[in-house]
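One line per chain: the protein sequences are B and S, in this order. Using this note's numbering, the letters of the first sequence map in sequence onto residues 30 to 293. Using this note's numbering, the letters of the second sequence map in sequence onto residues 25 to 284.
Calculated directly from the structure, the hints in this document are not laboratory data. Don't take every hint at face value.
Stated by the list, open to error - Now the in silico label distances, taken between C-beta atoms and shown as ranges: (1) Arg191/B - Pro90/S: 57 to 65 Å; (2) Leu241/B - Arg56/S: 21 to 29 Å; (3) Phe204/S - Gly243/B: 43 to 51 Å; (4) Phe204/S - Ser53/B: 25 to 33 Å; (5) Pro165/S - Glu266/B: 30 to 38 Å; (6) Gln285/B - Thr235/S: 40 to 48 Å; (7) Gly63/B - Thr234/S: 24 to 32 Å; (8) Ala60/B - Arg56/S: 22 to 30 Å; (9) Gly134/S - Leu241/B: 42 to 50 Å.
Just so you know, even glycine gets a beta-carbon here, dropped at the ideal spot from N, CA and C.
This is what each chain is made of:
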Amino acid sequence: MLIDVHAHFFTEFSGRSDWQTLNSARLQAGARIGITVHVASILGSWGARSPVYFPSPDDVARANDALIELMQDHPEIRGYCVVNPNFIEHAMSEIARRIDQGMIGIKLAASRRADDFLLDPIARLAGQRSVPILHHVWHHRRRDWPGQEASDAMELAHLAERHPETRFILAHLGGGGDWAHSLRVVRETPNVWIDLSGSGIDVDMLDRAFDLLGASRLLWGSDITMDTAWGKLRYLEASGATPAELDLIRCGNARQVFPGGAFQ
Amino acid sequence: MRVTDVAAFVGEYPYRELTHSSADWLIRQMDRVGIERAWVGYLPTLLHRDPAPSNARLHQEIASYPARLAAVPVVHPGLPRWEQDLNAAIEAGAPAVRAYPGYYALDACGPEMRVLAAAAAAAGLPIILTVKIEDLRQRHPLDVGTDLAASAVRNLMRSDSELRLLVTHADRSFVEEVHFGLTPRESERLLWDFSWIWGPPENHLALLLTTVGIERFTLGTGMPLRIPDSALAKLDLLDIADSERSKLLGGNLESWSALS
Chain B
30 MLIDVHAHFF
40 TEFSGRSDWQ
50 TLNSARLQAG
60 ARIGITVHVA
70 SILGSWGARS
80 PVYFPSPDDV
90 ARANDALIEL
100 MQDHPEIRGY
110 CVVNPNFIEH
120 AMSEIARRID
130 QGMIGIKLAA
140 SRRADDFLLD
150 PIARLAGQRS
160 VPILHHVWHH
170 RRRDWPGQEA
180 SDAMELAHLA
190 ERHPETRFIL
200 AHLGGGGDWA
210 HSLRVVRETP
220 NVWIDLSGSG
230 IDVDMLDRAF
240 DLLGASRLLW
250 GSDITMDTAW
260 GKLRYLEASG
270 ATPAELDLIR
280 CGNARQVFPG
290 GAFQ
Chain S
25 MRVTDVAAFV
35 GEYPYRELTH
45 SSADWLIRQM
55 DRVGIERAWV
65 GYLPTLLHRD
75 PAPSNARLHQ
85 EIASYPARLA
95 AVPVVHPGLP
105 RWEQDLNAAI
115 EAGAPAVRAY
125 PGYYALDACG
135 PEMRVLAAAA
145 AAAGLPIILT
155 VKIEDLRQRH
165 PLDVGTDLAA
175 SAVRNLMRSD
185 SELRLLVTHA
195 DRSFVEEVHF
205 GLTPRESERL
215 LWDFSWIWGP
225 PENHLALLLT
235 TVGIERFTLG
245 TGMPLRIPDS
255 ALAKLDLLDI
265 ADSERSKLLG
275 GNLESWSALS
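The shape of chain B in the complex, shown without the other chains (with noise of 0.2 Å):
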């Protein structure tokens, strides 16, 4: 079994006529590669009506029902619910609502950051509903970059440490930034897991990962590059991992992380 715990798809209100297309891309490679089964986000309008990082409660619940309807249509997608924080009372009717119709997940992208106290509600609610949050991460953020309130690793490791009994998926490690700050953020902070997926795809990122965290902490993950996805997967099966670790991280940690029963 391999399961991609970052994939994302479109929808026709997302501002791309090819939006039909790069879905189909997806499974499409998805089945290349062997994919068993995609955990998804829609990113609200992909900034059509409302910005991505930025999405307006109308445009994360129209995303929210596209992607149950993929998840009908598609028995090897599931899905992640994309809330906006800072409409606190709609993120939280869609959560319980989406995980009631069968998300198995949280996406929190970077609308508030991962640190501030707005988000403790969602992060309880997580706990409580055993469903992992997936949060996007701009390795060692320096300084605010334009569209996004983005978030690093001390800052999600925050989070985590207020909720010891909510699980979180720091979201591609090769995504952009310095990948070994998060490294050693999250080496202290044992309910956070790595995605490694991104166009990054550093030799030391990998080795480095693999030897600080250990295969336990490491789920795989493609997010808008399966081709690099792809590439890491190999890699890691030729670095001298058992089958018993490479096993975990292609599936047994993401069985782990979310709810019991998600991936039968």
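Dock chain S against chain B, hints included.
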């Protein structure tokens, strides 16, 4: 046709500790993924004021593998008597020379680089330019080397009708901006490594093979900074014939090298 990686290195990287930097490791990775030959640069040269000693060190580092690893020395055209370094590369049988104008604080299409381009073209020796060594977002705060600009590539290509350039680590928009900003004849002298071009679901590489042409691309990995597996995974995700795959793995490089 020999499967050839045009963007490999040995040596330590100035900005972070690499877990692997030796020629032995490079050969083991090449054997693992089926790469027969590599054009190899020496990473420390990036920041050295004078590349000549580093070029000599590069030859030493890869001396055990003459049939597999070809040294690609650096020429710094802002230095006195840089022609000697170019001549040394020619005498050593180098397949190309590298230049890092962004790390020399030189205009990438300024007078120094244009003179180097003319000299290399006259000698029939290609120049390798690298768009970026690392993603801008992850660089060391003191790594202020500038990315190569697409305009510089266009202007260099226009500066000498015999110049052959190999540009590594370019993404889709960079390739398109250069390719469609040159005449077809100018573009024939230009080769791109495809390691930084996205595969599915965006499928930038598949698109460029159609719009720019499969003949313009070749294999580069970026080892030991980057794993070699992704470049090959990109090919495995394409729907192309074995003959086209062979072009991308080395056939195009051989055709382009024979242009001189």
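Hints versus structure:
1. Arg191/B - Pro90/S: 57 to 65 Å: At roughly 59 Å between Cβ atoms, Pro90/S and Arg191/B fall inside 57 to 65 Å, so the hint holds.
2. Leu241/B - Arg56/S: 21 to 29 Å: Taking Cβ atoms as reference, Leu241/B and Arg56/S lie about 24 Å apart, which means the hint holds.
3. Phe204/S - Gly243/B: 43 to 51 Å: This hint holds: roughly 48 Å between Cβ atoms.
4. Phe204/S - Ser53/B: 25 to 33 Å: Given range 25 to 33 Å: holds, Cβ gap about 27 Å.
5. Pro165/S - Glu266/B: 30 to 38 Å: holds, 35 Å
6. Gln285/B - Thr235/S: 40 to 48 Å: The hinted range 40 to 48 Å holds for Gln285/B and Thr235/S, with Cβ atoms some 44 Å apart.
7. Gly63/B - Thr234/S: 24 to 32 Å: Because 27 Å falls inside the window, the suggested range holds.
8. Ala60/B - Arg56/S: 22 to 30 Å: Holds - the Cβ-Cβ distance for Ala60/B and Arg56/S, about 25 Å, lies within 22 to 30 Å.
9. Gly134/S - Leu241/B: 42 to 50 Å: Holds, since Gly134/S and Leu241/B (Cβ atoms, about 44 Å apart) stay within the stated range.
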